[in-house]
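Take a look at the letters that make up each chain.
There are 8 protein chains.
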Amino acid sequence: MKEVEITEIIIREYLGSLLRALDSDVIIAGGGPSSLVAGYYLAKAGKKVTILERKLSLGGGTWGGGMGFKYVILEENCLPILQELNINYTKKGEDLYAVDSIALASGLIFNAVKAGAEIFNLVSVEDLVVKDNRVKGVVVNASPIEIARLHVDPITMKANAVVDATGHDLEVVKVLLKKNNLKIFTETGDIVGERSMDVEEGERITLEKTGEVFPGLYVAGMAACACFGGPRMGPIFGGMLLSGKKLAEILVEKV
Amino acid sequence: MKEVEITEIIIREYLGSLLRALDSDVIIAGGGPSSLVAGYYLAKAGKKVTILERKLSLGGGTWGGGMGFKYVILEENCLPILQELNINYTKKGEDLYAVDSIALASGLIFNAVKAGAEIFNLVSVEDLVVKDNRVKGVVVNASPIEIARLHVDPITMKANAVVDATGHDLEVVKVLLKKNNLKIFTETGDIVGERSMDVEEGERITLEKTGEVFPGLYVAGMAACACFGGPRMGPIFGGMLLSGKKLAEILVEKV
Amino acid sequence: MKEVEITEIIIREYLGSLLRALDSDVIIAGGGPSSLVAGYYLAKAGKKVTILERKLSLGGGTWGGGMGFKYVILEENCLPILQELNINYTKKGEDLYAVDSIALASGLIFNAVKAGAEIFNLVSVEDLVVKDNRVKGVVVNASPIEIARLHVDPITMKANAVVDATGHDLEVVKVLLKKNNLKIFTETGDIVGERSMDVEEGERITLEKTGEVFPGLYVAGMAACACFGGPRMGPIFGGMLLSGKKLAEILVEKV
Amino acid sequence: MKEVEITEIIIREYLGSLLRALDSDVIIAGGGPSSLVAGYYLAKAGKKVTILERKLSLGGGTWGGGMGFKYVILEENCLPILQELNINYTKKGEDLYAVDSIALASGLIFNAVKAGAEIFNLVSVEDLVVKDNRVKGVVVNASPIEIARLHVDPITMKANAVVDATGHDLEVVKVLLKKNNLKIFTETGDIVGERSMDVEEGERITLEKTGEVFPGLYVAGMAACACFGGPRMGPIFGGMLLSGKKLAEILVEKV
Amino acid sequence: MKEVEITEIIIREYLGSLLRALDSDVIIAGGGPSSLVAGYYLAKAGKKVTILERKLSLGGGTWGGGMGFKYVILEENCLPILQELNINYTKKGEDLYAVDSIALASGLIFNAVKAGAEIFNLVSVEDLVVKDNRVKGVVVNASPIEIARLHVDPITMKANAVVDATGHDLEVVKVLLKKNNLKIFTETGDIVGERSMDVEEGERITLEKTGEVFPGLYVAGMAACACFGGPRMGPIFGGMLLSGKKLAEILVEKV
Amino acid sequence: MKEVEITEIIIREYLGSLLRALDSDVIIAGGGPSSLVAGYYLAKAGKKVTILERKLSLGGGTWGGGMGFKYVILEENCLPILQELNINYTKKGEDLYAVDSIALASGLIFNAVKAGAEIFNLVSVEDLVVKDNRVKGVVVNASPIEIARLHVDPITMKANAVVDATGHDLEVVKVLLKKNNLKIFTETGDIVGERSMDVEEGERITLEKTGEVFPGLYVAGMAACACFGGPRMGPIFGGMLLSGKKLAEILVEKV
Amino acid sequence: MKEVEITEIIIREYLGSLLRALDSDVIIAGGGPSSLVAGYYLAKAGKKVTILERKLSLGGGTWGGGMGFKYVILEENCLPILQELNINYTKKGEDLYAVDSIALASGLIFNAVKAGAEIFNLVSVEDLVVKDNRVKGVVVNASPIEIARLHVDPITMKANAVVDATGHDLEVVKVLLKKNNLKIFTETGDIVGERSMDVEEGERITLEKTGEVFPGLYVAGMAACACFGGPRMGPIFGGMLLSGKKLAEILVEKV
Amino acid sequence: MKEVEITEIIIREYLGSLLRALDSDVIIAGGGPSSLVAGYYLAKAGKKVTILERKLSLGGGTWGGGMGFKYVILEENCLPILQELNINYTKKGEDLYAVDSIALASGLIFNAVKAGAEIFNLVSVEDLVVKDNRVKGVVVNASPIEIARLHVDPITMKANAVVDATGHDLEVVKVLLKKNNLKIFTETGDIVGERSMDVEEGERITLEKTGEVFPGLYVAGMAACACFGGPRMGPIFGGMLLSGKKLAEILVEKV
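Residue numbers (the numbering used here), protein chains in the order written: chain A, 1 to 255; chain B, 1 to 255; chain C, 1 to 255; chain D, 1 to 255; chain E, 1 to 255; chain F, 1 to 255; chain G, 1 to 255; chain H, 1 to 255.
These are computed hints drawn from the structure, not numbers from a lab. These figures come from a predicted structure and were not determined experimentally. It cannot be assumed that every hint is accurate.
[As the list claims (entries may be wrong)] Derived Cβ-Cβ restraints for the label pairs, each shown as a range:
#	chain 1	residue 1	chain 2	residue 2	range
1	G	His-168	E	Asn-181	49 to 59 angstroms
2	E	Thr-186	B	Glu-187	29 to 39 angstroms
3	H	Asp-169	E	Arg-149	26 to 36 angstroms
4	B	Lys-178	A	Pro-80	50 to 60 angstroms
5	F	Gln-83	C	Lys-174	54 to 64 angstroms
6	F	Glu-249	C	Pro-215	54 to 64 angstroms
7	G	His-168	C	Gly-211	55 to 65 angstroms
[Said to hold, decoys possible] One side of the interface only, derived from the structure: several residues of chain D facing chain A at Cβ under 7 angstroms:
#	residue
8	Asp-127
9	Leu-128
10	Val-129
11	Val-130
12	Lys-131
13	Val-139
14	Asn-141
15	Ala-142
16	Ile-145
17	His-151
18	Val-152
19	Pro-154
20	Ile-155
21	Lys-179
22	Asn-180
All C-beta atoms, glycine included, are put in the ideal place defined by N, C-alpha and C.
Isolated chain A (complex conformation) (with noise of 0.2 angstroms):
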């Protein structure tokens, strides 16, 4: 019967993908912009790279522009990855060029499963595994079951590198600190937290602190400032692009 044939390829296809995935070069945590274009330079490089996002569609807080209004804004040093993945811009100030937020966000993503990056959606990142005080792993659940609120176990995929890609709700770097007695690589120790807004300083500090915060857990994007303490920037894209590459550029050599 052709339904279960068709049946019967989805099942095997994506066992594959997922058998594979247990043992990656890095693991995304959330699937955003920076994670998105790390995922894609990572791949392009020839990492083993797997993405997990908690949503059905991946892309963050890309295709709601600001307010709701289509559009994202991205500076200068960020056309060379938009004309990498052939996505449109228009010049629209001295440094500043409007992108319509449904175009990068689908872009961000089809150049990443283009490039070879493995993205699984409807799975969340729920804890870590850590030993040898070193992050080793990700425990990951279907995000369906997590919302139907049912009790069923978790499983386990291994990465030389993990990274917390969730924005600045900071998810897995806050279940590490909350359920192990640790100390992160920031000033405090601890998350110190999104700033009010100022758009400039947000993007440089963005930059800056993409990078490791604690053996084999990383940060990019709002999650790299949010951790440090940078203030929040609204629907300017640059630093999350510039972070997910920076990123790539650090796990290229280290992994």
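Starting from the known structure of chain A, arrange chains B, C, D, E, F, G and H on it as the hints suggest.
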């Protein structure tokens, strides 16, 4: 202040898009696969096409593959579309090809925007403009206002052709029938409704029935299938893509 | 890493089970007492039987006894089944036996799995495959996806016989009738519906009407009773167990 | 088509209002009585004042009178304001005047808009722009997006003075303190919080404490009272109106 | 104690209003634009008019403009009403005038109260008093009690004329038809229902059909339009205002 | 341990009550005023009467008076009942007496229990036992189980007469009609339904129609009125009390 | 019209009650058993006592007995109270008496009203009037308004003594402590909180600690126990009744 | 009537079970794998053991396997338990065995009841009886009452040993610590809390820490692990089963 400069660009860009969309060649309600393919080919043919999607992201039921296993199946007759849109596929059976559903969803969206289709997310079509026994436009609202159950009046967009591509819910056709004492171009004059699953029959009917159901109103994808009483198909997407292409061909002629 | 080794085994085992279930002799929708008894006897007779249950646990309405008082009642004609399944009972009236409802629920499940029935929890049957006026399989989805109201396509499982054992809701028969213009083998051609309580009459009709209601589709337990307009029974479970056994006997012949 | 002509006018008008509001003399968060009175007097004095209200209607807690009995009480010192705004009142005690709360709410709103204050409903202030230890603007979002819990970035509005008139919730001051390591101009450097009821004391403190609490940030009405630990007042609105007037007098000088 | 003195005044004032409202010339259910205009002209003509609104604030769908863009459109024939109510407008097309929706909402309410209409918020009309085949009064309850789903009996208010101005929901006419075996003065004897959008036709029918639908019961605004099967109009408010005025003229004669 | 001694007494007492209630002369579904009055007079006459109430407290709609104003009205013909139950009243009009609704609710309950009626709270009647075309008992469940939406079977209580005193919802009659192909003793054979308000007519019909509607099944109070199409009454309770008394008189003869 | 006559009487009666309650000797927050007993004895002694209950019915946790088994236990020292209130009991152990919980709940309420206590349901105490370091009254709102989450100001009632009888939630004491920088008369100056169960100790402490906790503010019943750190008791109600009686004796002296 | 006969048997059986359970050797809160294994071995050793589970079904987190893939993993040291309970397993790695999670869940429950453990579902432990610094019993309520948020008092059960087997929520230990000023037998005297995942370490600590944490109170399974700060384990169940067995061995000695 740079923050305000960014804000102003976004507002102006969005306003421009919105004003342009008030008078379209084609307005498609729903942003799933048949809508996106139709949008791609219509835009490519130079038509002014507007896609309206209630959710924040586009892609409809594509993202989740089958039962959340992120793959969908396509048949050989769709390969030209995939090739044109630069979307990867793998041969899996005699006539069956597996596609990563995240690649398919993002690829369809990315290509539609790239080709020039104007896509609005967070917009729901709540009614139609009907004059002289012909659909002449859509009555839309911001979907967050709808979700928040606020009592706010809608606005109107005009088009030479309106397409219901809202899947088996047939939201647009339903509101037309419920609010006006009319008949559509099915055997019963009413929506017949989706039947139980039969993949081959479903794909055949979807393609066959794609077209006009009332002066000025068209159906595509699962909406076409359900409107005329065809069976459902599950995670095989050939009918969807071919229906979108057929719709574009019809409308390129007509509008 | 041991955590990943564990994960890999679980995924592979589940995959094996799922693939095997794609082509069954009998698929039973609903995991209550009549389903489990039928599953036990079918598996014991060497049939490939798959039980699909929406909830996390099996047993249906057995666990709560009467009004949450955790006992149910059975009559003498069920003792052979209880004895075969090694479930304790206590004589309480001339022809009435009390059974701890937790023992009954767990005993029915445990014996069905032990006998070789393949049971899936967290799976909901949302539709059927109907071709040539015959039910040829079921269309299923992950119930957490359903609960989370995510728009995700289902997959398909094929069987020689499909059983609706979903209790008085008759979920499978209902979807068959609602989506297709068909008649079932009742006097009215439609579901008659459960009547008010009458224990003896209810048990008699349940047993009598267990069987085929449409080519390829069977009913058992309260689904049989409600389908043909029998009265409800409350916390007496004889009809359920005997119906399950009768169904197994019918299907052992047929499939 | 007339429907589209109407739509186009609405969009253009709103755009104009929104763009003008991006750079204001004063932005007031919250649209209750002290906000509206301040807005009235500031606009009358020629200042560019913007009021941002999360709900669909303005007026805050005025509409419901006391316990839903639609009257509020004012004292003699408020009569000049009522007279200027053309709102009716009835003498009821030595120094107490009853006002229909629906008349008061609508009268305050109507006069504020009439005087030239730009009022936005359905807008929530979710953060501030803070640079060089000074509040320089507000970070806002569409409140329906917030209610629908959609992940969408905010936009920014700039002002010489920002006013927290959000009542005892002090939403703006709270976000300033929570997100940045700062002190405000209270004795403790933090919000002191509203005390139990004492009408006379409450009205006195509300008026006295109306003013700046951080460079660029002001409090008025119950926000002033709660910020500095004054007691609540219930359905007597004199303090609210006088606080709004005082704030306007301060800001007319400053901005 | 001053707090109690305030409380006592409020209770006594409310009681007075409530007792006076028990016997009105006209009771209008719903507090949207047609209701408020009717209330204004009826009160101005010396009639005892009571407006009952379920929500905390009045104004109905006026506040949100079109799709939350806070402007509505009126035509030239409404300018006399706007001028009488002192509400600002701007000419925008040949026959189209833009009005700030917040100004319109508050202006309509403020003027209705000022003219002497007694407005109650938080009151819902849940039924009618019907005797000798004539509506003789309304059965009302506190809407918070309704929201809290508490089982509490309603009270009764008497009027010579009851108006359903609850918009296209037609709450009052619906309860009349649902609970009593009656016909109303439409062609079908039943509610015909709102049709899809057509602004000019909608405005024409709204005005034409404003009037009595059953002995003692009248319709105005969108309720008149929907009752007789007219099309919807969206954010153009001329029909609403003119309908309110026409209703007042009819009732000034009749009651 | 005293705590366990207390627990044991409670369980044993409840068990005794519950077992005794399994075989009653009269079972009344619903614990509002007509039920309690009927229960009082039946118990006083020596009948074994059981009242089943879904909520935690008894008294139905009595507690809230009219619109939450805690008074209800009774007429002179009810004074003998009030006097017998020792409930205070105040003459307020020619034939109208005001009663504190809290006194009435608690007085009706207290006297019913005192007289010997067995009252169960937290029990909902979900179905009936129907044999030989006669209602022979009720099928009940714990209402918290129902609220928690748990799948648990009900238990059964037997009675010579079952009374539906569930108000205008007519829950028991409705389940009888919905689940069985039967006619009741109204003109239509079906529930006619409550009409709009008319106090005098309502009180007359309530009393007149109190009685049997199907062999073994009776209606009282608003259930009698609504069953036969009488109008509603609001916060006047004479019909309720007299209906309860009449029902008791009928059943004292019959059971 | 009789319906309006009824309405007018109800409104006038309620208003009279409400205005009288604005100045009470004692206001008791919470309508559970200790409150009702205190109300009974205070009213009997001629004091003007007002009981305020958030729910529609009174009686607090009495109705449900233990775990929904509708009996509670009392000891010999409570028999005089039961006898005075005419409530039945049955001897069950050496010093333990079983009482039907529905009889107890209704009997306590009925007797309190009968004795002259003014009871308001649907009223919640949301704050206090505190002046000169003394509680001088309560700040109340309609609880349906609270449940409907409407932003409406409260009103005020004055009393010589305010009693927190809200059980272990201690709602009144909590708001006093949370909103004002004060200490109460416990060892810690703060609420100590209910301990785990110990019936004898619980009953002893409840009685011992019944009394004043802050100038003008008293505690009774479980509120007294929890305030001073006593253990919980479960379904034994002696402590509650005796605490209510003791409180009455204290306040008869003091107010 | 047979229906009532059935009801009576169920009530009497339940009552008998409940009364017997009031005085147990061991009461285990929570019905997951460690609880069921402990219950099995304790009952087998002749102890009177009572298991209390809040949900309708038993088995805790066992049913869902890993991420809903219905298999769990056990190690060689658990084979004797599986063999004794007649549960199937398959060797999958050097020391890893796969078990169908539905077989494991039902097998653990079935064997525990069969061995004589008295299991109650729908019962939640909301507090403890604590006297003389020792846990002497549990305070329980019907969980549907808890879910329905009804204010109903609990009842009490006495035991020589109470076990917290509620998983990492540690519901019983938490209530002990929160309500009483006490220390438990951990290093900090407080709950340490579950750490991030480490399977081997988790299994080791779970087993090691199974035992008494306060006089009369024990922990088992994940509760033991989390109480003493061990890491989580995911879908490997060896630690759970061995902890249950160890607890039984300890308590067989002690009670």
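Hint numbers contradicted by this structure: none
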